[in-house]
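Reconstruct the complex from the two isolated chains, following the hints.
Chains V and L are the protein sequences, given in the same order. To convert, count from 1 in the first sequence and add 396; that's the working numbering. To convert, count from 1 in the second sequence and add 7; that's the working numbering.
It is worth saying that the hints were derived from the structure and are not from the lab. Just so it is clear, CB atoms sit at the ideal spot from N, CA and C, and this is done for glycine as well. It is possible that some hints are incorrect.
Taking CB as the label site, the calculated pair distances span [said to hold, decoys possible]:
| # | chain 1 | residue 1 | chain 2 | residue 2 | range |
| --- | --- | --- | --- | --- | --- |
| 1 | V | Leu461 | L | Pro69 | 17 to 27 Å |
| 2 | L | Phe156 | V | Leu426 | 14 to 24 Å |
| 3 | L | Thr158 | V | Glu453 | 29 to 39 Å |
| 4 | L | Pro38 | V | Met397 | 48 to 58 Å |
Each chain, letter by letter, is given below.
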Amino acid sequence: MVVVLYFARSAELAGVRSETVSVPQRITSLQLWDEIVKRRSRLAVLRDQVVFAVRQEYVLLGDQLLVLQSGDEVAIIPPISGG
Amino acid sequence: MNETEEEPKDFIKLTQAKLSVDEVSVLVTSPCCGAISLFIGTTRDNFNGKKVVHLEYEAYTPMAEAEIKKICRDVRKKWPAIKHVAVHHRLGLVPVTEVSVIIAVSSPHRIESLNAVSYCIDTLKATVPIWKKEMYEEEYSWKENKECFWTNMEK
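Bound-form chain L, shown alone (with noise of 0.2 Å):
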């Protein structure tokens, strides 16, 4: 009766395709769990009153994955009973209300995966080198997430 147990998967990837919330949700998908917690991250159309066109992002991409891959052994460390975490990001341009990132998570317990969800998308911020550009109608500007460790250390 007893099944090979899954082993526990990290699935990252940085592409330009579109991103799959479907796709993505079926990649932590286990029979052993009975949470999957997701968070979905979206071009907003407006920032300071100014109107947002769409996002570029660019990526120092071997790097961008190997920090994701920390993270999620981090993850893995501080909530061992989680299963499958699936880090999914978009790059080049995401226009207003496409997704540009997704963060899944699967676990036996929703605790867990709810959790560890957060942890990721707070710690993607601070740490992923992982960059993007705001257009609006007349100019544009390099966003600067205030998680970006470096530039909270106290000078």
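If we strip away everything but chain V, and leave its shape as in the complex, we get (with noise of 0.2 Å):
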């Protein structure tokens, strides 16, 4: 069970700043993705800009593949706006 959080445009799209969800230990980022987007489908439309922030490091979307333990927290990263 990973934590996942929701930032900006995304937790607009999910409704939730954040929620657990069960994920296998052993997946690549594009495959956390589709999970996420299934249960929050509206998500899909920000496909192309957002990238992942496992453990607070960046992950871009693809083949990457991620160790997760439980209770990592993994964050939907939109196009940036600070300063």
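Here is the structure:
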């Protein structure tokens, strides 16, 4: 069980700020995205704009294999606009 | 006659409270430094012909602080003469003309602090997980920095 955090536009589309999601321990970042979109389908429009932050490190959506521990934070990161 | 040299420090703050340029200047002031350079980001009242009412900022706070810390570390590698670095960013509602971000750097001579401040704001806009929503009269828009590092990558 990982904790998925939603920010900015992704939080508006998901309708929540955070939730726990059950995923396999070993999963690619793209597979993880697909799992999340299954539950929150309105996120699909963000597919080409977002990246993840897994344990507070950026991960692009793709083939990168993630090894997730229970309680890990996975954040959906839409294009940033600080400053 | 030799006084103990102060340790270089990074002052990082994300807050809903109004930011203070005086406070930030004092934080980076150091007897061994002859220069303090500042960048102050403020809310502009217009975008593409639309009137901006205010900005609203949100952040993935622990990661934003960690990414700012990385920027401070990089700045010290690039300009070892730098003494103190302060990055204060406001969260929540920021009305027009109010300050949303202050970056301050002190160094013995001006060239390092001027360059470091410029690098800090450019890199913050590219890498720190903070988002701003621009509120117009009838609608709003989630802004996207052109510097955002992954939107600049070849797909």
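Taking the hints in turn, this is what the structure says about them:
{"no.": "1", "hint": "V:Leu461 x L:Pro69: 17 to 27 Å", "verdict": "holds, 25 Å"}
{"no.": "2", "hint": "L:Phe156 x V:Leu426: 14 to 24 Å", "verdict": "holds, 19 Å"}
{"no.": "3", "hint": "L:Thr158 x V:Glu453: 29 to 39 Å", "verdict": "violated, 18 Å"}
{"no.": "4", "hint": "L:Pro38 x V:Met397: 48 to 58 Å", "verdict": "holds, 53 Å"}
The structure fails to meet hint 3 from the earlier list, while all remaining hints are met.
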